[in-house]
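Trainee: Each chain is listed here by its residues.
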Amino acid sequence: MAEICGVAIALSLLSSVNYLLLVPAAAFLVWLVIWRLPFEWMEQIFGLLGLALIVFIVAVVKIGPDWGQLADAALHPAVPSDETVWSYAYYAIALFGAAMTPYEVFFFSSGAVEEHWTSRDLNIERINVFVGFPLGGLLSLAIMTTAHLTLGPAGIDVEVLGQVPLPVALAVGKIGLAVALIGIFAATFGAALETSMSAGYTISQYFGWQWGTFVRPRDAGRFHLVVLVSIFVGALVGISGIDPVKITEYSIVLSAAALPLTYLPILIIANDPDYMGDEVNGRVRNLLGSAFLVLLVVIAVATIPLMIVTRAGT
Amino acid sequence: MTGRVLMAALHLLDHQLVDRDGVLVGKVDDLELFIAPDGSATLSAVLSGPGVLASRLGHTTYGHWRERMEAALEGPEGRTSRIAVPDVRRITSRVETTLPAPLLATYGSERWVGDHLIGRIPGGRRRPDDGPEPGESGIGPEQGVTAPTSGPADPTTGDASDRVRVSTVLRREVVDASGAHLGHVLDVRMVQDGPVGAGFDAGVRVDGVVVGVGRAPQRAGLLRHRVHGPWLLRWLAKLATPHRRYVPWGDVQVATILRADGPMVVDGELSDVPGE
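So the protein sequences, as listed, match chains A and B. Note that the first sequence covers residues 1466 to 1779 in my numbering. Note that the second sequence covers residues 435 to 710 in my numbering.
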C-alpha cells in the first residue's frame, strides 16, 4: 500500500496533481507491469532506473560539505535533549527492518525460480548482495546528508517524501531534480512490484498452488488473483488518506519483529543435506548465522516494548 | 544395503505435489498406510485435498473452517485426491505424480479462477514473452482428460479397515503393555527398499515410530546425524526433546492403531532412534 502511494507521490511530484488522485493510476500501472512484463525485464528496467538515485551522491559532492565535520558528527552522535536513547533504538530497529524485510526473502527466492537460476548464478548474486547492499546504504546516507546540509540550516524538517528531492534541485539544478524523481519513481515502483508479487508467492506457495509469471496467467489463476486483490486493497487503503510514511514505519518495525520466523527455517534448511546436498553451511557460516539469529531474536523481543515506551518514536 | 529413509512428517507431509507436466497441484496433506494381515505396514497412497487436510488438522475451529471454505471452492466431486503409490513417480523435496492436474483435488478452484476471472482479462491466456494469444482451442492441461469416475478421487478408500492415515498415527499417545505413558508419536519412519531411482516398485515399508515429547525439533530434522549444525539449534532441539525413543514397527500392537482412538500400545524394549 505504502509503495503504491510512493509511486503516486513520485508521479504527483512530476505532474503536480494531488497524489491521492494518482493512487488508482499507480495501482493499475503496477498490476499491468506484473501482468505483461517478463520477470527479467521488470528486474532490469527498475533496477537500472533506480540507479538514478546516485544523483543524491552527486549532490552531496557538489554541495561540497566540510567532510571532516560531517564525519565527526556522524561518528559522535549526540542525542538532542528532548529525545531519548530509546527512540533512537526504536529507529535503529526500523532501519533494520527496512534493510531486510521478510517479503524480500520470498521475492528473491521465488525470483530465482522464475529466472531458472542454477548454481552458476550464485556468484553473480553474491556480488549483487555485496555491492547492492552497501550501495543502497550509501544512497540512504546521501539522501539524509543532502537533507541535513541544505534543509537543516534552513530549519526545515523532512516530513513528507515530496521534500526529499529538493536539495538535489538546489545543488544540481533542474536536470538533477528530474533524475532524482525518476530514481524515486523506479525505487518505489520496484518495491510495489516486489511486495504485491510477494503476496502472491507466499500465499500460493503455502497452499501449493501454481504460481509465477513463467506460466500463462490463466494456469496460475489463483496466484494472479491474490496479486490483483493485494494491489486493489493497497490502493483502497492508500486512497483513504492514511499517512503512507507512518504505515511504512509501522510495517517495517513489525517486520523486524517477525524476522526470526523467516530466518530460522532458512538457517535450518541451509544445514539439511536433503535439500542442499554437498552445499550445506560450513562452520564459519553457521557461526555467523547463529550469531545473527541471536541478534534477530533480541530485536524481536525488544521491538514491542520499545514501541510502547517511545510511543512509536515520537 | 539399507533403503532410503523417509520420515512421514519431515519428508512428506505438507510438501509440494507436482503433476505429470510439472504443474503445482497442492500439498501432500496426508499419507495412507496399508496394514497387511501379518501386521506389517506399507505406504499405499499419498492423499491431497481439502477434505484430507481438515480431518488431519483435527476437529478444531480452524480445521472446520478450512474444510468448509475449501469444500465451497472445490465443489463436491473434487474433495480428496488419493494418489496410489504406483502413480507416484519420484519423491525429492517434492512429490511428483504421473497423474495430470485435472485429476487432482485442488485443481478445481484453479480451473474456476482461470476460466472465470483471470482467463477473461485480456492477455490472460498467454505468457508475457509468448507470441499471439491462442484461441479457445489452445493447448491446455485440461485437454483430453475427463473427470475420474473412481480411483484418484475416492475418499472412502482411506477409511477401510486395513488402512490407516498417517495423521491418526502421528497424533497418538503411546503406552507400554502395562499402560505406562511413554509420550506421543513424533514421526513415522519409513524405508524405501531396493535401489533409489527404481520408481516405487520396491515399495515403502513402515519401519517404526519415534516416540517422545516435543514435536517441532523432531520435525525440523535437526537431530539427525547427517545434519551437523548449527550447534546452537541442535543443542536447543536436544534440550526440547529429552526422552526420544524408537519403537520398531514389529513391537507396535497394530490393532490399537486401527481403533479410532485411544493410546497406541507397544511391546518390547525401546531403542535409540536410528540415524540420530
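Hints were generated in silico from the structure; no laboratory data involved. Wrong hints could be hidden among the right ones.
Pairwise CB distance ranges, derived in the manner of DEER restraints [said to hold, decoys possible]:
| # | chain 1 | residue 1 | chain 2 | residue 2 | range |
| --- | --- | --- | --- | --- | --- |
| 1 | A | 1583 | B | 473 | 44 to 50 Å |
| 2 | B | 687 | A | 1597 | 57 to 63 Å |
| 3 | A | 1680 | B | 470 | 14 to 20 Å |
| 4 | A | 1671 | B | 659 | 41 to 47 Å |
| 5 | B | 557 | A | 1694 | 15 to 21 Å |
| 6 | B | 677 | A | 1766 | 27 to 33 Å |
| 7 | B | 615 | A | 1680 | 46 to 52 Å |
| 8 | A | 1583 | B | 659 | 17 to 23 Å |
| 9 | B | 520 | A | 1485 | 33 to 39 Å |
| 10 | A | 1585 | B | 551 | 48 to 54 Å |
| 11 | B | 689 | A | 1766 | 33 to 39 Å |
| 12 | B | 560 | A | 1625 | 38 to 44 Å |
| 13 | A | 1766 | B | 672 | 43 to 49 Å |
| 14 | B | 546 | A | 1730 | 46 to 52 Å |
All C-beta atoms, glycine included, are put in the ideal place defined by N, C-alpha and C.
Trainee: All the hints need checking, so say for each whether the structure fits it.
Mentor: Outcome of the hint check:
1. One distance hint, 44 to 50 Å for the beta-carbon pair residue 1583/A and residue 473/B, holds here, with the actual separation near 47 Å.
2. Against the hinted window of 57 to 63 Å, the Cβ-Cβ separation of residue 687/B and residue 1597/A comes to about 59 Å, which satisfies the hint.
3. Between residue 1680/A and residue 470/B the beta carbons are some 42 Å apart, a value that contradicts the proposed interval 14 to 20 Å.
4. Between residue 1671/A and residue 659/B the Cβ separation comes to about 31 Å, which falls outside the hinted range of 41 to 47 Å.
5. Range check, residue 557/B to residue 1694/A: about 18 Å between beta-carbon atoms, so the 15 to 21 Å window is met.
6. Checked against the given bound of 27 to 33 Å, the beta carbons of residue 677/B and residue 1766/A, roughly 29 Å apart, stay inside it.
7. As the Cβ distance of residue 615/B to residue 1680/A is approximately 51 Å, the hint placing it in 46 to 52 Å holds.
8. Between residue 1583/A and residue 659/B the Cβ separation comes to about 29 Å, which falls outside the hinted range of 17 to 23 Å.
9. Taking the beta carbon of each, residue 520/B and residue 1485/A are about 60 Å apart, not inside 33 to 39 Å as hinted.
10. The hint said 48 to 54 Å for the Cβ distance between residue 1585/A and residue 551/B, and at roughly 38 Å that hint is violated.
11. About 48 Å separates the C-beta atoms of residue 689/B and residue 1766/A, a value inconsistent with the hinted range of 33 to 39 Å.
12. Taking 38 to 44 Å as the suggested C-beta distance range, the pair residue 560/B and residue 1625/A conforms, at roughly 41 Å.
13. The hinted range of 43 to 49 Å is not satisfied by residue 1766/A and residue 672/B, whose Cβ atoms lie roughly 23 Å apart.
14. Between residue 546/B and residue 1730/A the beta carbons are some 32 Å apart, a value that contradicts the proposed interval 46 to 52 Å.
Hints 3, 4, 8, 9, 10, 11, 13, 14 from the list above are not met by this structure, while the remaining hints are.
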